[in-house]
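Asker: The lines below spell out each chain.
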Amino acid sequence: MRILLVEDDALLGDGLRAGLQQSAFAVDWVRDGPSAEQALRTEPYAAAVLDLSLPGKDGLSVLAAIRKAGVKLPVLVLTARDAIDDRVRGLDQGADDYVVKPVDLLELAARLRALVRRSHGQPQECLTAHGIVLDPAARCVHQHGQQVMLSVREFDLLHTLLLNMGRVLSREQLEQQLYSWGQEIESNAVEVHVHRLRRKLGATLIQTVRGVGYVLMRPTGPA
Amino acid sequence: MTRKPYSLQGRLALLVLGMLAAVWTATAAIVWFDARHEVEEILDSHLAQAAAFVVAQYQHDRPASEVQVDMLSLHRYAYKTTIQVFQDGRLVLRSANAPTTPLVADGGATGFQTVLIDNARWRVFAVHEPATGLQVYVGEQEKSRNAILWAVLRSTLWPLVLALPLLVLAVWWAVHRGLRPLRGLGRTLLERRPDALDRVQVDDAPAEMVPMVDALNALFQRIETLLESERRFTADAAHELRTPIAAIRAHAQVALQETDDALRRHALQHTIDGCDRATRLAQQLLTLSRLEANAVLDEKQVDLQALARRELAEAAPRALEKHQALELQDGPPCRIYGDEALLAVLVRNLVDNAIRYSPAGARILVHLTQDAAQTRLSVEDSGPGLPAEDLARLGERFFRPLGTTESGSGLGWSIVRRIAAAHRMVVEVERSTRLGGLAIHAVAPSQDKAFATN
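Protein sequence lines correspond, in order, to chains A and B.
Every letter in the first sequence is one number past the one before it in this note's numbering, and letter 125, counting from 1, is 125.
Every letter in the second sequence is one number past the one before it in this note's numbering, and letter 381, counting from 1, is 381.
The reader is advised that the hints may include incorrect statements.
To be verified - Stretch-level coverage of chain A by chain B, calculated; a stretch enters the list once three of its residues show a Cβ under 8 Å from a Cβ in chain B:
id : segment
1  : 16 to 25
2  : 100 to 114
Stated by the list, open to error - From chain B, some residues computed to sit far from chain A (all C-beta separations above 12 Å):
id : residue
3  : ALA170
4  : THR188
5  : THR243
6  : LYS322
To be verified - Within a straight-line C-alpha distance of at most 20 Å, the following computed EDC-like cross-link-like pairs (lysine to aspartate or glutamate) qualify:
id : chain 1 : residue 1 : chain 2 : residue 2
7  : A       : LYS72     : A       : ASP92
8  : A       : LYS57     : B       : ASP390
9  : B       : LYS322    : B       : GLU389
10 : A       : LYS68     : A       : GLU43
11 : B       : LYS80     : B       : GLU41
12 : A       : LYS57     : B       : GLU389
None of these hints come from the bench; they were simulated from the model.
Remember, predicted model here, so these are calculated numbers, not experimental data.
In this text, a Cβ means the ideal position worked out from N, Cα and C, and glycines have one as well.
Please put together the full structure from these sequences, using the hints given.
Answerer: Printed below as a string of structure tokens:
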């Protein structure tokens, strides 16, 4: 899952990026307000971690600006200010969660996963469809009760398709969800991962819409 | 151990009453002496008249033998008066209560005398006429004279005596009433919440109390400002410390979970960096809080040139790490009056900022100039400099300009400004004409104490 980290402090930003990467997030890191706004407007992140005291343009202004521009991604505000007023203001400006420094990295990761899940209308922790159960926290997948071993990319791809069930996603959209800046994208990477997923989970699970992309259909019949 | 404070009411009442009593006593004494003098004169003149009357009567109607006049029947006061008439040393006339010997032993000249007869004091007027051989003595008991005097004084002094207790009550009441605004203020202060710092309102405060109430309100105002700045400082400091703590925690947690050795080492190194950051920040906060407490400067003559050399030697390794050329322009000793420790902090912060915010390979030049007008410490660099709007905001606490990649809190600038202000220095920031980056000048005017001619 690709997220944007906005933190001006070099040391803290580095730590948060390393920690979130350990939790299998693809992390892009920017250090000031204008860059954050630019990145959020143009890239399809699953979520953003936003520090409030930023050089150039403060976090709340960035938040207000992207909300006004119609960017709907879940935003977790990370800040040193913990007064109730600050929290209320942050949430009113369009933040989805508000975490005060210092934060436990595992908690931060869990909150981000929950935000992403809820933003896709999934109230439960585990994503379920077609006999497949995907647990984002434990990063494991079961099919009919049997654990299926997936690589990091395969897992993320399945996760993205499950979150966007019923929607056709283009190859570019999927790539943008899987890779952060600077990571080399192998040619045909998405095709390769889809192919492997079909081999492990069944050929009919992921359908190809020729010339458009891939889709994981909603289960039909009795829910 | 504190003494019980005296009562203003009691003291005022006592003072007023004491003054009253003194004036009253003086008045009474004057009345006493004056009345006695007048009464004595009147009574003496009566005695003299009586004597003259007796002499005239006697010469007109001379009795052959001793006549005893029973004067007691004449008036109830008569027994307190006495008359003797001697003709050629022979007693010819006397009142019943008069002795047979002359009232005045030596019987000498005409005039008044006071004599003691049978343990009673008598005022006697003697008439001695050598031509006719007549001696007349008219006497009056002092006791009766005093009784008259007392009667006169009684009517004068009685009202005064009666008025005294009434005066005491009146004075007490008046003082009590006069001090009412003071008691009101005391009550108002007592009823305030202990942490209340708003203005004290005293309705119709008298002119004497206005300075006191004003001073009190000014004090409340000062305390409030102080507390507010203290509160803000504490809050800011706590917030500012959260970031390095968060960084330490993040890196420590990454290190705990990391299996890759190199990444783990990297995270651990950053944990230590975070601790250094927090330490530096705590140090800066302490310095700033000491400065804000307006601590007294330990001022003496300081050679800025030598001080800059020491600080640059200290900072040089950090500059070398970034491949920066750090240079102190050589010059003569540059003496100013100031707090050496604080001036060192100022130089350290300026140099530190230049190193931190200039890129690798930059030049940093420190130079001192001193002339009759001013002493100037300049730190210039060849870094990117700052746009005009950021130059203006520099020195706001926790302000950090855009594009800053170095970790920092902006506290260094606050410290520089405060130390400069404490030394009556002006800090000027501009684009460096020599190196193209930022130039910062701390300028102390020479007419000031901060400048010392050597």
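Asker: Indicate, hint by hint, whether the structure satisfies it.
Answerer: Each hint, compared with the structure:
1. Given a C-beta distance limit of less than 8 Å, the hint that chain B covers the segment 16 to 25 of chain A holds, as 4 residues qualify and 3 suffice.
2. Only residues whose beta carbon comes within less than 8 Å of a beta carbon in chain B count, and the segment 100 to 114 of chain A has 7; three or more means the coverage holds.
3. Even its closest Cβ contact with chain A, about 62 Å, leaves B:ALA170 beyond 12 Å, as expected for a residue assigned away from the interface.
4. Its beta-carbon lying about 33 Å from the closest one in chain A, B:THR188 satisfies the requirement of being farther than 12 Å from that chain.
5. Chain A draws B:THR243 into its interface by the beta-carbon criterion, the shortest separation being 5 Å against a cut-off of 12 Å.
6. The claim that B:LYS322 lies off the interface holds: its Cβ sits roughly 14 Å from the closest Cβ of chain A, which is beyond the 12 Å cut-off.
7. Distance check on the hinted pair: A:LYS72 and A:ASP92 sit about 14 Å apart at the alpha-carbon level, within 20 Å; holds.
8. The hinted pair formed by A:LYS57 and B:ASP390 meets the criterion: a straight-line CA distance of about 13 Å does not exceed 20 Å.
9. A distance of roughly 28 Å separates the Cα atoms of B:LYS322 and B:GLU389; the hinted pair therefore is violated under the 20 Å criterion.
10. Restraint check for A:LYS68 and A:GLU43: the C-alpha separation of about 16 Å stays at or below 20 Å, so the hint holds.
11. For a cut-off of 20 Å, the pair hint linking B:LYS80 to B:GLU41 stands: about 18 Å separates their Cα positions.
12. Taking the CA atoms of A:LYS57 and B:GLU389, the gap is near 14 Å; set against the 20 Å cutoff, the hint holds.
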